[in-house]
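Chains as they are written, first to last, in the numbering used here: chain A, 1 to 309; chain B, 310 to 710.
I should point out that these hints are in silico values taken from the structure, not numbers from a laboratory. Virtual Cβ for every residue (Gly too), placed ideally from N, Cα, C. Keep in mind that a hint or two might mislead.
[As the list claims (entries may be wrong)] Rough simulated footprint, nothing fancy, chain A against chain B, three-plus residues with beta-carbon under 8 Å:
#1 379 to 386
#2 554 to 564
[As the list claims (entries may be wrong)] Quick look at which bits of chain A chain B covers, simulated, 3 or more residues with Cβ under 8 Å:
#3 11 to 25
#4 46 to 55
#5 103 to 114
#6 184 to 196
#7 215 to 228
One letter stands for each residue in the lines below.
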Amino acid sequence: MSGAEFVPLSLTPMLIGVCVAIACALPGNFLVLRKQALIGDAISHVVLPGIVVAFLVTGAVTTWPMLLGAAGAAIISVAAIEAVRRLGRIEPGAAMGVIFTTMFAGGVLLLEQSDTSSVHLDVEHALFGNLESLIWLDATGWSSLVDPVALAGLPVELVRMAATLVGVALFVALFWRPLKISTFDEGFARTIGMRTRPLGLALVIVSAIAAVAAFDAVGSIIVIAMFICPPAAARLMTNRLEHQVAWSVVFATLAAVTGYVLAGYGPLWIGYVSSVSAAGMIATVSGVILAVAALTGPHRLRGGAAKEI
Amino acid sequence: MILDALFLQLGYNATLVTIGAMLLGMAAGVGGTFLFLRKRALVSDAISHATLPGVGLAFMVMVALGGEGRNLIGLLAGAAVSAGVGLLIVNWLSTRTRLAEDAAIGAVLSVFFGFGIVLLTVIQSMNAGRQAGLEGFLLGSTAGMLRSDALIIAVSAAFTLVLVMLLRRPLTLASFDPEYAAASGQNVVRTDLAMMGLVLAVTVVGLKIVGLILIVALLIIPPVTARFWTERTDHVVLISGAVGGTAAYVGASISAALPDMPTGPIIVLVGFALFLISLLLAPKRGVLAAYLGHRRFQRRVHLRQGLLALAQGQPIYERLTLRLLRRAGWARRDGVATAEGRGRAGRALLDETRWQLIRRDPSFEAAAAHYDGLTPIERVLTPDQIAEIDARIPAPKEVTT
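Same shape as in the complex, but just chain B (with noise of 0.2 Å):
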């Protein structure tokens, strides 16, 4: 069944609905970086709580009006004009009053939800079995979804995601530099409300497929995710639309394929997923690549200090010093060193000796910036320096009695 859904083989419907969440996740990821990188991610969550109200007076004008209250294009519609009120007043209350910005977020997060709700009561009210499917838009539901609706929605996130990629250079840069940007000629306010109107059509159109609750999951978990495999701005923008749009083509999968699986929940579960997968095993930033890294450290720093405690006959009694100098067989069980050892020992006695001298003296003080107790003084200073310094290492003078 799954591989089915995964190969596009469940009907025109399913087909529809999951390459319309495939190009949406891959909007949402790309627009979501943007977002991501002004830091401003939590905006979403303000956009897509405002929709409610929209999509409850869309429908309750559109059934004013003799229509069919149902209509996705309407209630779209609504979403899309409550949503942009609610940024607008985001971003009043956060320059114009002295709030900060997470409370304007959430002051119109749930003020718009809280009236959305009162609105859906009221529709509840007004005519009882015809307004079934407006709980949808909270979670999402793509089950039975009209054909119509299912070809809306991938026009618009196709849509959509042309947009994100036309717009994805001056959104870099904006977004990455603003100062910058901004002196090079660049309109930021203006770009700023691009990536928002983009981010407010990301989540309108994800309204019906993913809700919106957790529409805000796809606009943050795929720029976090992509956050890991790169340092590069423009690969972090094409890696998060991968990563989103994958989320949402297998998360869509899943759903239609088996039972009892809401669409918008499993598309932020497999986000999470590729989320913690990266968290883990991601090259560099990765925990796991973190904490080799470390123990690599660890080693080098053990195997140097055991080596300088040898060369000066002081006893071992650190484990793990001893452990590793004797797997590198350099000393024996007992701490005594061998052959090999006993060499080791000896130039890294010598490579501390010069690093000494080296910081002692002023006129090698930007060589001597590089002393951290690992790195070995060839790699600083040249043969010719080398020798000049090991002429002020003393010569071992005759002993007389």
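Just chain A, with the same shape it has in the complex (with noise of 0.2 Å):
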């Protein structure tokens, strides 16, 4: 395949593609020992109603006012779940259920009672993405890498997936010690004054934002399953939390490329015309590398910590 057709057509919806798994699987190893591996879930879904509202009140399908929207919902859901949780005395699971099938089908209710035939606006969308139509126009081979102009013309999404990275990589490398220490033994984290509870909160906010940036670019779908399978993949493979950290970049970056090339060019391969959904792909390669994991991974049993001493 040469690089004039891979660069403009490939290369960005791949790039997007690396960058959202290994930008949700990072703080997913944190919410994945902590136990609190559904907050992608319900990220995901909150976040529709909030996506809709800013679309009704700009009219149009632009970026920063859907984050914001987006980024409001996902604050309206934490607080209505910690509400339900303490007004009502709900197990937390149960409030979460309440509260994100609630906020989902009031996006939905929204989105069908508004006119947003005229606009790419649909609740599949919002499911699936469309990371197949992020391309780059202005490339014509390898060399527009380093071509200012074209360079200009690369699609936002990449820009601002790529910065959400640098963010969450940053915001994991600094608190290190602490959300580890936090995340193990979170007693011991309090009584050495740590303060874990804005910790746990600044951890969640993090999640959303990944989880929302990378929502308008590729669809709740990728974004549930990269913070869960690469991370979950990753603990089955290793007792220490930087190579399970490592481990899960690698099988992220793993699901994403072997996920968009499957789905782009593996129909090809066996004789169809048209290509996949790549979010729908990506997803199931993470889950086969998890299955491969908990069939083969070397710490897949429980009490795995006792034998390697």
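Both chains come to you apart, so use the hints to assemble them.
This is the structure in structure tokens:
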């Protein structure tokens, strides 16, 4: 395959996929260890009404109002879940279930009620995204990577996702020790004077930012899969958090690249004409990776820590 | 229009769908209760998302065999099989590997759903046009449903409801107290499987009505709502069934009567409205009841402390205390006690003195444990005991100069 075809059509979606995958997998490591893995699922459901409201207010599919709307909806949902949990004395899982299904239902209803037929905004788009369409029209080949004129035409999603990835990575790197200690032993973290509640909240907020930024580009299904599958698979490979994070980055990258290639070119290899959903394929590949890890991973069983010492 | 729909006047199909939705809602409410009591509410989310690849595969198989791809029974059977596989994987991941249940749920949910999306795009390219309707399984669509489909849904919802009601006793026991259930000879593992089978049945039947993304709401919201109204498991089951049935019935009616009202979301929102009402207004666990109870308690504490201050001649600066005393007619605006107030204050001080005495005496330990600064001592001690205490209160001494 020549650079003239690959760079404009496949390079940017693939890079965006990789950025999304890593940006979600990094906080996902901590969420999985803290047994909050389903937060990614909840966030990706609740942002729908926020995006629809932002669209109704501005009347156009523009990036910043939608990101703000999504972030607002995410904050409202966190507050609502907390309120239901405290006021109703309901276990967190059920409280989450009540709120995220209701907000998603509200979003769908708003979408159906309003006239969005003229623009590309529908439930399917929110779920699967449209990774394939994020192409780089100004590129002519590998040489475009050093051509400032062509670089100015990079899809804005790539720039935004890269920035999000840098932000998430900085957060994880800066708060590495507090995050690690409070994740494994919250009581100890509090004893040595760490403020674990704000830290936990910050983790959720960073996850939400990653999810919302990714959501716009690639839809919710990759987001949920990347929050959970690479970290979960990595968890089965090692007992050390440092290694687990490294493994999860490897798995996330692998899933994004393989998934994209399989979706874009796989059907052609077996004789079909058109490609399949890249978002779905990336999620599927991450599931295959998790399955392999669950069947063969060196630390797949409970109590692996005791054996190693 | 809505009234017509509520009274089932919108034609045979709409009526069948509405009744089917109601039966399904009842079955989901009852079945969901056990899931909720077992604290496994979100497992149903994995099950429902895991139906999608089954629907896609069933469609492809039926088309490959030369049949009509949209046969509802075939699609639902496919959904049931893949949801069952998803459920088994969740169980396997959370029991046989070190992953926690939430990670297992999320993994199965996203991967199965993603794979389902891949299959949907394959179907789209396979034979454009003929696949119309599979997206309806995402959010449910009852508009333009075939009569035979409506009949299938109504009958299978009724069947599920009967099944839930038959299994109610063992499920209640196992979900309320698994250890006791196991000790009394019940096979809890099998009961758990039966529970998950029921959830699976509800999910599959609900696919066409509510859609796979929102069916989980029908399993979670009714039991959470019911929990506000009662402390008894068997009542939670019944109320939850009623809430689920009402939400589904009203939701399906509204959706049938008005344009652009997708069935699934409307049912969920009606359920949420019921939940909100319960959260605010339930007699014991509701927010309003809790607030009123708190205010009542606050008033009692302020009155008591105010009376003690009056009795000891201390000035009262607390505004709420003063206002309450004045409203009761026990103090004047400037904080001076009225005649009745002086009497009440004397009694309060005597009560407090008695309490302080018995709290110092180990032989009254049990009674003294009831001290909260509010309970009158007469409620804890007999008149004889009080007389005994009173004997210990030092008598006023004559003042000599």
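Consistency of the hints with the structure:
1. 379 to 386: violated (count 0)
2. 554 to 564: Since three or more residues must qualify, the claim that chain A covers the stretch 554 to 564 of chain B is violated, with 0 doing so at under 8 Å.
3. 11 to 25: violated (count 0)
4. 46 to 55: violated (count 0)
5. 103 to 114: Since 7 is at least three, the answer is holds.
6. 184 to 196: violated (count 0)
7. 215 to 228: holds (count 6)
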